[in-house]
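Dock chain to chain to rebuild the complex, using the hints, since each chain is given by itself in its own frame.
The listed protein sequences correspond, in order, to chains V and U.
Numbers 187 to 492, taken from our numbering, label the letters of the first sequence in order.
Numbers 38 to 379, taken from our numbering, label the letters of the second sequence in order.
Bear in mind the hints are in silico, worked out from the structure with no lab data behind them.
A portion of the hints provided could be inaccurate.
Derived DSS-like pairs: lysine-lysine, alpha-carbon spacing no greater than 27 Å straight-line [said to hold, decoys possible]:
#	chain 1	residue 1	chain 2	residue 2
1	V	K322	U	K45
2	U	K161	V	K318
3	U	K91	V	K318
4	V	K322	U	K44
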Amino acid sequence: MINAGTGNEAVEATQTFTYPSPFRAFWSGFSANRGAVIGLAFMLLVLFCALFAPLLGLHDPIEQFRDASLLPPAWYLEGTWTYPLGTDEVGRDLLSRLCFGARVSLLVGLCAVLMSLIPGVALGLAAGFFPKVTGKLIMRAMDIMMALPALLLAVAIMSILGQGIINAMIAIAIVALPGYVRLVRASVSMELGRDYVIASRMNGAGLLRLMFLTVLPNCLAPLIVHATLSFSSAILEVAALGFLGFGVQPPTAEWGTMLAAARDYMDRAWWVVTLPGVTILLSVLAINLIGDGLRDTLDPKLKRVA
Amino acid sequence: MFWYFLKKLILVIPTFIGVSFASFALIHMMPGDPVEIMAGERGLDAAQHAEILKSLGLDLPMHVQYGHYLLSIFRLDLGNSLVTHEPVVNEFAKLFPATLELATAAMILAILFGLSAGIIAAVKRGSVFDHGVMSLSLAGYSMPIFWWGLMLIMYFSVYLGWTPVTGRISLDFDIMPHTGFMLVDSWLAEAADPAGNAGAFRDALRHLILPAVVLGTIPMAVIARMTRSSMLEVLGEEYVRTARARGLSPWRVIVIHALRNALIPVITVVGLQVGTLMGGAVMTETIFSWPGIGKWIIEAVGRRDYPVVQDGILIVATLVIVTNILVDVLYGVINPRIRHER
Numbered sequence: 187m188i189n190a191g192t193g194n195e196a197v198e199a200t201q202t203f204t205y206p207s208p209f210r211a212f213w214s215g216f217s218a219n220r221g222a223v224i225g226l227a228f229m230l231l232v233l234f235c236a237l238f239a240p241l242l243g244l245h246d247p248i249e250q251f252r253d254a255s256l257l258p259p260a261w262y263l264e265g266t267w268t269y270p271l272g273t274d275e276v277g278r279d280l281l282s283r284l285c286f287g288a289r290v291s292l293l294v295g296l297c298a299v300l301m302s303l304i305p306g307v308a309l310g311l312a313a314g315f316f317p318k319v320t321g322k323l324i325m326r327a328m329d330i331m332m333a334l335p336a337l338l339l340a341v342a343i344m345s346i347l348g349q350g351i352i353n354a355m356i357a358i359a360i361v362a363l364p365g366y367v368r369l370v371r372a373s374v375s376m377e378l379g380r381d382y383v384i385a386s387r388m389n390g391a392g393l394l395r396l397m398f399l400t401v402l403p404n405c406l407a408p409l410i411v412h413a414t415l416s417f418s419s420a421i422l423e424v425a426a427l428g429f430l431g432f433g434v435q436p437p438t439a440e441w442g443t444m445l446a447a448a449r450d451y452m453d454r455a456w457w458v459v460t461l462p463g464v465t466i467l468l469s470v471l472a473i474n475l476i477g478d479g480l481r482d483t484l485d486p487k488l489k490r491v492a
Numbered sequence: 038m039f040w041y042f043l044k045k046l047i048l049v050i051p052t053f054i055g056v057s058f059a060s061f062a063l064i065h066m067m068p069g070d071p072v073e074i075m076a077g078e079r080g081l082d083a084a085q086h087a088e089i090l091k092s093l094g095l096d097l098p099m100h101v102q103y104g105h106y107l108l109s110i111f112r113l114d115l116g117n118s119l120v121t122h123e124p125v126v127n128e129f130a131k132l133f134p135a136t137l138e139l140a141t142a143a144m145i146l147a148i149l150f151g152l153s154a155g156i157i158a159a160v161k162r163g164s165v166f167d168h169g170v171m172s173l174s175l176a177g178y179s180m181p182i183f184w185w186g187l188m189l190i191m192y193f194s195v196y197l198g199w200t201p202v203t204g205r206i207s208l209d210f211d212i213m214p215h216t217g218f219m220l221v222d223s224w225l226a227e228a229a230d231p232a233g234n235a236g237a238f239r240d241a242l243r244h245l246i247l248p249a250v251v252l253g254t255i256p257m258a259v260i261a262r263m264t265r266s267s268m269l270e271v272l273g274e275e276y277v278r279t280a281r282a283r284g285l286s287p288w289r290v291i292v293i294h295a296l297r298n299a300l301i302p303v304i305t306v307v308g309l310q311v312g313t314l315m316g317g318a319v320m321t322e323t324i325f326s327w328p329g330i331g332k333w334i335i336e337a338v339g340r341r342d343y344p345v346v347q348d349g350i351l352i353v354a355t356l357v358i359v360t361n362i363l364v365d366v367l368y369g370v371i372n373p374r375i376r377h378e379r
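Same shape as in the complex, but just chain U (with noise of 0.2 Å):
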């Protein structure tokens, strides 16, 4: 199991580097002059103009500034934002907690309806339930997530008045950032201060209810469909026959025998939603001014941010890379025909 690991790790390695690289031809084709963009309205000479692109390294040639970018990866050391000076690493590490939170809630929605309705549709295959959870999830599938947002927030926040409309947490509620994760963090706030902060959890989690629907909207219906024809496909095996025959009760069969390897590929799906999911987070986070990298990164092309974009889209790159290792892992502590196979 180790060494199969290991031998993906190593795998990935070439991919790596070749998103690095990615990442910077992309950053750097871009017009535009981040120098121009820090100066903003007051102008520059030329002469402040070569001074600052000197000591941002953006006058050296572009195999050198790559050769050092590569070498401040392997350092772990990645640039400062040109507009608040931050480093990159520290700026994502404030954020990232709000996409992942809202990633994670988004996932376990889609998880719990999705494969129990899957399950559902397969077991009562041909019933009204069935026809109406592949209507659902096709019409799922197809969703303009943007739109889908903005139907939720008209009709929830606008027309009921049921959630609100934007960020995280209402301002009144004094909340320190002990974990990053809201849920968590306004939980332990209303613990500390029962008083001031009367009501701070149910908040914030008013405030995660619609983007989580939102962005768990698409990932859902996939696992549904997946999940249902992959039940019908395991229903149909004969050791489920065998089960029923012994005279084990429907559920245990349907749950105990069949789900576990009807599992198997809705797991790859699963992961293969990560990738997904980090896009949609992009459109989720700015629907909902949601805090977290998506709506950073966006930000940070039209503010010709280089170091922000680039590195952005270089731990987003990882984070799907890594997943994406995972799942493969997983799938294979699953499945020991795959496991020796290779």
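This is chain V alone, in the form it adopts within the complex (with noise of 0.2 Å):
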């Protein structure tokens, strides 16, 4: 906490001024959005199965119980408790499944944040700084991967790599690149202009000061805002290439390959189709829930009338 009456005894006397930090001033506002606080709970919670998947005494879950194939969840009358969630088609423990899954999920949503926000916000204050020839080559650039659908990208992307979780990872993070580097550049463009950015350049701060002391913060908030969403948007595109056969590889325990393996059952067991789906739509629900709230917190200019 800083003590804003220090210097003056007669005020400090009567009434100390205290500003909350940054933080505790951010967390009153993103608490009071019950959905955010929702979908964080929801997501820790999440974060917290993947982390200790293994030590949760659950079963392997790429071992196969053959004489308990499709077994359903343990409050039917043929389930069991040992297998809480049921069984998939060759007797793998579903929850195990799931609890495994989303180290994947998680795993290739932060990564491919990551990698596309750093050489992101590269580009974007590379565009912004110099909108005259870099920034222009830069965003028809972006146009062009903009105008190919996401999905098509990354499919092709996958075939030219080869499959594999590391190649996933690098396909989301190209294919959502253009929406980080316009972010940027529009924030830095929209900033060059105001008085401050002037000041320091008076002052003689060099171009690499500039953008990455002076500049940068000021753009934070949307940037994170947008990597929250990207990062939903990231565990999407994971499951889709899944399911259609691009992405992780059998056995290891993916959402999307679950859904992918369990559609020639869905007619007998329902829960092999829904609980992987399930579970894919809370976790990417939770962190848009988490998006908006951090966007109505950090960035009271975008929030939405409500």
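See below:
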């Protein structure tokens, strides 16, 4: 906490002004948004399951219990608490596969966000600071990437690179890149005309200092919001790639590939189709709720008329 | 207006060339040899292999191949599929109506329900209906549509048996592809042969409804959210208060005065959804075995059918670019401020 009343004895004696720390100010805004808090709680739960999946005493996600295939969840008559959410077509424990699947989705999502955030910020700053030639070239290239539908581009990239978890990250990161570049460039060109930037220039700030220490911190709010929302689309895209058979390879537990395999059994076993899908939906929904909450708190200008 | 349109069109040419380069580069970076794939199991000796490579022009240096490709685009003479040996343009023309029909149906559903839900939610702000629409649209926006499709199939097709699972029409109808749009063709077929094709139109409609709902879900959610927030903003304007003060009926104020201005951002959103729709079509068509271009391109990627993927991606990207220009122009038409600004 910053004590604002220092230096003036008389004022300090009667009243102490305290400003809330930035984090506390953020939290009081964020926690007022019920949806965002619920979303955050759910994502913490998913994160916990993902981080501690091996320690939770679950079955091995790829171990096949052949005599227990397509068992329903435990609350059914035929179900057992050995497999709380039932088993899939070759008798693998669904709960364990969902928890281990969360590791893949979160890891791919997180890495994909970082892998598009860093070059995205760099390109966006370059485009914003040098709008004449470099900026035009960069934005033209981004237009080209935007014209290709995201999923098709991701599929094409996956078939060039080959399947696998790292390649899925790269494909998703490339697809997300134009969004970051556009956002950063737009905020940078808005900030560049402000007085504080001119003042900093007059003080002799170098280009890198202007870019990263003067302008970038003022573009962070929309960037954080965008990164959150692109995290949720990354999770959707991992699952979509897995579903189409271009993603993470079986037998690795991954939500999209689980759905693809379960398609053939949906007339007999609703749980093998429903549960992975519900998990994807709830995770994406939770992240979107967090994103909305962040936007309302960090970037009141963008706040939707509520 | 015309010059404005022309300027937009000229600005797009470099983007278009870039897209053609991207699609060319993407497909040539893919591992795997198309000649081997054409030969299949038979196996070729080196001489035959070289000969086929030469006849396809795949032995030339890359920049020459790209030059040929660019020329062929401007002559509107794209390559032949390596698998079916049909011109890619013909295959595209045969399959595109299916995607267009699906996308149009999806968009009609999305606009119809999204727009009306958004308007009512804004007018009845804070009501149960408003909260319901907002929650549903948030869920719709987060929906993994491949799973959503499976769930709808599981409930409506497998459990209730209301709708068929795959394809565009049942095989027992004799439909002539006049237009390529199954709804129109089945209607024509029913009119021509009422006895033999009784119920063909209904059958086509039943095939269309689930895929259209699935494909329309995300645009519907986005449109509902956008309409609501844009309506709320406009409803707070002074001219709306003036219109009310003059004693106009509430619905007249909402529909005639407020909605017209509220639609401006909504139209942009609708335009942007076209790209999403093309991506969604890939998923939807795969799930419902809908014979459209999304499924076609995905299958061509698997077969390494170079020309089909290359030109398919190019055509889809061109569609997206053209729609964006149209949206831009439409934006100028409905919002004079923007037209004159530029």
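Results for each hint:
1. For the hint pairing K322 (chain V) with K45 (chain U), the CA-to-CA distance comes to about 16 Å; that is within 27 Å, so the pair holds.
2. Between K161 (chain U) and K318 (chain V) the CA atoms are separated by roughly 48 Å; this puts the pair beyond 27 Å, and the hint is violated.
3. For the given pair, K91 (chain U) sits about 44 Å from K318 (chain V) by alpha-carbon distance, which is inconsistent with the 27 Å threshold.
4. Simply put, K322 (chain V) and K44 (chain U) have alpha-carbon atoms about 17 Å apart, close enough for the 27 Å limit, and the pair holds.
Checked against the numbered hints above, the structure violates hints 2 and 3; every other hint is satisfied.
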